[in-house]
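Take the sequence shown: its position 11, counted from the start at 1, is 11 in full-length UniProt numbering, and no numbers get skipped.
Just so you know, not all the hints are guaranteed correct.
Listed next, the in silico DSS-like pairs over lysine-lysine satisfying Cα-Cα at most 30 Å (straight line) [to be verified]:
hint: 1; residue 1: Lys375; residue 2: Lys406
hint: 2; residue 1: Lys522; residue 2: Lys406
hint: 3; residue 1: Lys513; residue 2: Lys563
hint: 4; residue 1: Lys463; residue 2: Lys221
What follows is a set of in silico ranges between Cβ atoms, one per label pair, in the way DEER data are often shown [what the hints assert, rightly or not]:
hint: 5; residue 1: Asp275; residue 2: Arg450; range: 41 to 47 Å
hint: 6; residue 1: Asp453; residue 2: Gly208; range: 30 to 36 Å
hint: 7; residue 1: Asp275; residue 2: Leu539; range: 40 to 46 Å
hint: 8; residue 1: Glu382; residue 2: Asn122; range: 44 to 50 Å
hint: 9; residue 1: Ser669; residue 2: Ala296; range: 33 to 39 Å
hint: 10; residue 1: Arg141; residue 2: Asn183; range: 15 to 21 Å
Calculated from the structure, these hints are not laboratory results. Backbone N, C-alpha and C fix where the C-beta goes; we use that ideal spot for every residue, glycine too.
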Amino acid sequence: MSSPIVLTDAQREVADRVITSLAGPEARLRDDQETAVATLASPGARALVVQATGWGKSAVYWAATAVIRSTGGGPTLIVSPLLSLMRDQVAAAGRAGLTAATLNSGNIDEWSLIEADLLAGNLDVLLVSPERLANPGFGARVLNALAGRLGLVVIDEAHAISDWGHDFRPDYRRVSDVLQNLNPQTSVLATTATANQRVTDDVAAQLGEATLVLRGPLARKSLQLNVVDGLSPIQRYGWVAEETPYLPGSGIIYVLTVADADRLVTAIRAVHGDDFPVAAYTGQLPPDERHALEDALLENRVKALVATSALGMGFDKPDLGFVVHVGAPPSPVAYYQQVGRAGRALDDAVVVLLASRLDDAIWDYFATATIPDPKRMDRLLEAMRDAGGPVSVPTLEAETGIRRGKVELAVKQLAVDGVVERTADGWAATGRPYVYDAAHYEGVVAVRQREADIMRAFVHGEKCLMRLLTESLDDPAAQDCGRCSVCRGELTPGLNPRPRDETVATLSAVLRKDAQILAPRKMWPGGSFGRRGRIPPDLAAEAGRVLAFADAPQWGDILDGAKRGDAAAREQLAETAVSVLGDWGRRGGIRPEAIFSLDLTGGDLAADLAQRLRSVGRRPGGSYPVVVGPVPSRDATSATEAAYWRDHLGPGPVDAAGQAVLLVVDETSSGWAVTLAAASLREAGATAVLPLLVHQTV
1 MSSPIVLTDA QREVADRVIT SLAGPEARLR DDQETAVATL ASPGARALVV QATGWGKSAV
61 YWAATAVIRS TGGGPTLIVS PLLSLMRDQV AAAGRAGLTA ATLNSGNIDE WSLIEADLLA
121 GNLDVLLVSP ERLANPGFGA RVLNALAGRL GLVVIDEAHA ISDWGHDFRP DYRRVSDVLQ
181 NLNPQTSVLA TTATANQRVT DDVAAQLGEA TLVLRGPLAR KSLQLNVVDG LSPIQRYGWV
241 AEETPYLPGS GIIYVLTVAD ADRLVTAIRA VHGDDFPVAA YTGQLPPDER HALEDALLEN
301 RVKALVATSA LGMGFDKPDL GFVVHVGAPP SPVAYYQQVG RAGRALDDAV VVLLASRLDD
361 AIWDYFATAT IPDPKRMDRL LEAMRDAGGP VSVPTLEAET GIRRGKVELA VKQLAVDGVV
421 ERTADGWAAT GRPYVYDAAH YEGVVAVRQR EADIMRAFVH GEKCLMRLLT ESLDDPAAQD
481 CGRCSVCRGE LTPGLNPRPR DETVATLSAV LRKDAQILAP RKMWPGGSFG RRGRIPPDLA
541 AEAGRVLAFA DAPQWGDILD GAKRGDAAAR EQLAETAVSV LGDWGRRGGI RPEAIFSLDL
601 TGGDLAADLA QRLRSVGRRP GGSYPVVVGP VPSRDATSAT EAAYWRDHLG PGPVDAAGQA
661 VLLVVDETSS GWAVTLAAAS LREAGATAVL PLLVHQTV
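I would like the entire structure built from these sequences, with the hints used as guidance.
Here is the structure:
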């Protein structure tokens, strides 16, 4: 067995100076850290570090950068997945005595100056997102100029370059293109805390045959893992609302959707007051708002951020006291990555998973959500060929009827395979044929389904929770932790297994009044529908309201009862609708002068609610004519669905003329029926159409 590579005395002096600046005067590189730094100091080296969160992976690339720069080597390029990570890393580089900068969507005004500094040799480190790598303008200006001059390339959160990983990002595969164009003397480091053996092997193969893999034990001794099972969705909200003030320190409460983040903040404040220090953190917030919230958590000015996975990789708060999940992620690897935010510099941190029977459906969805659809790929490629040149994503959406988010994912997947390329003017086909690798993607789905089975075992407490997580990462050192709720046979002392009934009742009533905005569609779908382009203002609906979004926990039994015709449930539905309409009016909404119903599912839910609202508000109205048949599947294009409702909706009622119309709709997912009914009502003379959707499905 060969001896480990070690630093020279001069190199160790440089590395020690970096480590003491970061971690204190007594800090030194650990053996594996020194091996990694010494390896990377050799020109053209390749290393993959798979170590637990908090092990000090970033210390490796700061020390390696300093060593390489001290001998006249070029700057380091770090590919980093999240804006929050970039901000932290720029600050850490400064503490290490290095000059770093980042190019991201939040500092566009600084790009020219940063790029000039980089090319002039004034920067030691540049951090970029994988999306920036995929940008042709950036590639032409910067990467081509640096291709022969980089001293080190770092791929942080490297599991994302493997579609076997839990967080595969097509843009991350562009890293492979960068590696292929590197000077052979440039060293490469990949780091992650969340890679099982299959992902490790895949990433190492992408780096090259001579890649050094340094893999350590992944168990986190400070974490007290707990599972609370058997709660209904609204009871989970009640548990969080009651327990949050008593959890240690400050922390993160993870939810699966943006809607859940907003609702849960409302729920917590309904119990503890509007000034209780919690806030929602999602990827939909502007960068400056996300920065402010991250800083508030870092400085303990908030008790918790209620966050989607947008607050994940790279957020570094060593004293984070707790992590709670309202619903389980689809992968034990993803779960490990998120709970790893807690307890880095603490002896004890509390981790709680609030499981639900609804999680299974979410896991099934995520198992296939990013798998390419060959028919969709063919439609996109045909549209590109017909265009005869580069075409934008909005144009592809209009030409194919495929929703924009799916178009964006598909073209990135096609780019990974070299079938399309992104130019300054849009996406264009390269002429390379698209081949759907069915066997490969069947394997990916099978892996994700096995991961879902592991999460089921985790929820059911089949063995030590930490052991289950580390075994899922193929950690040979996996063993029982002695601290989790399975090993102890009970929850961490101080945690209650159930919320009080009165708390749940209060939250249900409050949240039912918290309606979501129903944004009107702005563009016709084109394609088989025929009409394309912007919907004229005189045919468009106003911004409406949604009473129950998806599986909103506060609605549960009431919505089910109302759909079945239960009188008490329908009365509660009407009471909530009256409250929502009142708030809508107070916020400057147009006051309806007539109320019409539109039942799209063959029942009478919308008709009944509209009649109740007409009685309360003494308004005229009626029902919108519709012929309901077998509706298009959820996989249907926007154009197909819009064409269906165009053909099945009757003309707008003539007695809507001259009036602002409240249009009560029972249930829809895409909103095309609402869009077309609103256009017909406007054509019939309605001065405005205000949609009130009872249930928006997904």
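(request) Starting from the hint list further up, note which numbers the structure goes against and sort them upward. (result) Violated hints: none at all, because every hint is consistent with the structure.
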